[in-house]
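Number of protein chains: 2
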Amino acid sequence: MKQKPVLHTVLSPRLLDIYDITNSVVVIIDVFRATSTIATALYNGAARVIPVDSVEQCIQIGKNTGGITAGERDGKIIPGLSYGNSPAEYPRSFIEGKTLVLTTTNGTRLLHMALNNGAAEVVTGSFPNLSAVCDHLVSQDKNVILGCSAWKDRFNLEDTLFAGAVIDEVKDHFTIHCDSSLMASNMYGLHKKDMFSFIRNTTHWHRLASYGLESDLEYCVTKDVANTLPFYKNGDLVVETV
Amino acid sequence: MKQKPVLHTVLSPRLLDIYDITNSVVVIIDVFRATSTIATALYNGAARVIPVDSVEQCIQIGKNTGGITAGERDGKIIPGLSYGNSPAEYPRSFIEGKTLVLTTTNGTRLLHMALNNGAAEVVTGSFPNLSAVCDHLVSQDKNVILGCSAWKDRFNLEDTLFAGAVIDEVKDHFTIHCDSSLMASNMYGLHKKDMFSFIRNTTHWHRLASYGLESDLEYCVTKDVANTLPFYKNGDLVVETV
Numbered sequence: 002m003k004q005k006p007v008l009h010t011v012l013s014p015r016l017l018d019i020y021d022i023t024n025s026v027v028v029i030i031d032v033f034r035a036t037s038t039i040a041t042a043l044y045n046g047a048a049r050v051i052p053v054d055s056v057e058q059c060i061q062i063g064k065n066t067g068g069i070t071a072g073e074r075d076g077k078i079i080p081g082l083s084y085g086n087s088p089a090e091y092p093r094s095f096i097e098g099k100t101l102v103l104t105t106t107n108g109t110r111l112l113h114m115a116l117n118n119g120a121a122e123v124v125t126g127s128f129p130n131l132s133a134v135c136d137h138l139v140s141q142d143k144n145v146i147l148g149c150s151a152w153k154d155r156f157n158l159e160d161t162l163f164a165g166a167v168i169d170e171v172k173d174h175f176t177i178h179c180d181s182s183l184m185a186s187n188m189y190g191l192h193k194k195d196m197f198s199f200i201r202n203t204t205h206w207h208r209l210a211s212y213g214l215e216s217d218l219e220y221c222v223t224k225d226v227a228n229t230l231p232f233y234k235n236g237d238l239v240v241e242t243v
Numbered sequence: 002m003k004q005k006p007v008l009h010t011v012l013s014p015r016l017l018d019i020y021d022i023t024n025s026v027v028v029i030i031d032v033f034r035a036t037s038t039i040a041t042a043l044y045n046g047a048a049r050v051i052p053v054d055s056v057e058q059c060i061q062i063g064k065n066t067g068g069i070t071a072g073e074r075d076g077k078i079i080p081g082l083s084y085g086n087s088p089a090e091y092p093r094s095f096i097e098g099k100t101l102v103l104t105t106t107n108g109t110r111l112l113h114m115a116l117n118n119g120a121a122e123v124v125t126g127s128f129p130n131l132s133a134v135c136d137h138l139v140s141q142d143k144n145v146i147l148g149c150s151a152w153k154d155r156f157n158l159e160d161t162l163f164a165g166a167v168i169d170e171v172k173d174h175f176t177i178h179c180d181s182s183l184m185a186s187n188m189y190g191l192h193k194k195d196m197f198s199f200i201r202n203t204t205h206w207h208r209l210a211s212y213g214l215e216s217d218l219e220y221c222v223t224k225d226v227a228n229t230l231p232f233y234k235n236g237d238l239v240v241e242t243v
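Just so you know, the protein sequences line up as chains A and B, in that order.
By this note's numbering, the letter at position 122 of the first sequence is numbered 123, and the numbering carries on one by one without gaps.
By this note's numbering, the letter at position 21 of the second sequence is numbered 22, and the numbering carries on one by one without gaps.
Treat the hints as calculated values from the structure; they're not laboratory data.
Only true hints are included.
Copies of the same chain look alike in the list, so a pair counts if it works inside one copy or between any two.
Below, in silico cross-link-like pairs of lysine to aspartate or glutamate (EDC-like), each with a Cα-Cα straight-line distance of 20 Å or less:
| id | residue 1 | residue 2 |
| --- | --- | --- |
| 1 | Lys153 | Asp18 |
| 2 | Lys5 | Asp136 |
| 3 | Lys153 | Asp21 |
| 4 | Lys5 | Asp169 |
If we strip away everything but chain A, and leave its shape as in the complex, we get (with noise of 0.2 Å):
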């Protein structure tokens, strides 16, 4: 019989070298909000998403581009940058055909590791687009990594939900012998029907919420309102077309 690819979840990007990475599909988790934003500025017809992890070069890449700048720290927009993290910025008829320059911390700070490591591809997830991304996983028949980007390397609940989400999703696919992957499993199982009144007992949600963002980040534990696969290539994130 056929060995299945297998499946594991690194609960934050300090752990991500004690994994062999090469020839897996990396999913980049960042549920409040970078990848969450990053789907929908996608499924709203961006033409590409361009993660970067620091302002300077977000201001560069934005003027070398054309390209729409946004960051936010402590819930205000960046100074020197044009837009917010927020999803809710980002409808068509804004962001239809245009280039967003996203300056993210977490996010890309594991983004840029998986490359580094050697993935084979790299795609971002979060609520938003769990189909798409399961579709995809099952589709490619390689090993998996689930990749939580935390917050400043702390565990986060957040994105461990939506790895148990995924694994809800492909687990009879996979291979899953690893217990962060059977405890994300748990966990969604535990919450997957009071998401939205346990997602408000989470860290980052008391931090975001102070910034009045509590709609922002129900919407980031919505299922499918943007389902679309943001697929890395040369520096960008765009639609995966295979």
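Given the coordinates of chain A, work out where chain B should sit on it, guided by the hints.
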């Protein structure tokens, strides 16, 4: 109103330095099996347990102290040492009054990291001494780090479940705002009634059960069967007599 001390759960030694552990009590958790065996040996009257991280050091300290040298690799006693890592090897009739020099990898490494990072106090915990650990934490009124030893830095469930069991007991006495603790608490709540069956799903169970250690492992997730507090003092783990 007096501020409660803060409790955090650290899921892997790799994540320890993210937290400020000065002025904190650090609980070293290595359920399968180091901290279960340490509690058992001291409960049964061992004079002290000296945790060491190399075989050479174990042999040397064994010679210097006249202590019993112990350690396993792949379920077998390491050549040059005299006993293994099983709590069942250390009944009162054998260990009373003696020094046990115990080689472990994950737990000892985390213990030394905690000391190097300035922990105010280091104790060890596992299900066999759950109540002793909890009573001590509540009595100290200091910040607490529940430090999971993990397995080669990988997240593991047995240490996480013990952290959850501690939180279950002490939560009214601490400020707990960390996703790791919330997750550990949820996982323990989910499995406290089916611990013996659930624990069979963990990767570490599979690894050790293949060496025929099932009854050892069941003992290691049994509460309060060796209810004493191993306390680190000048290189030794001794019974806390504060």
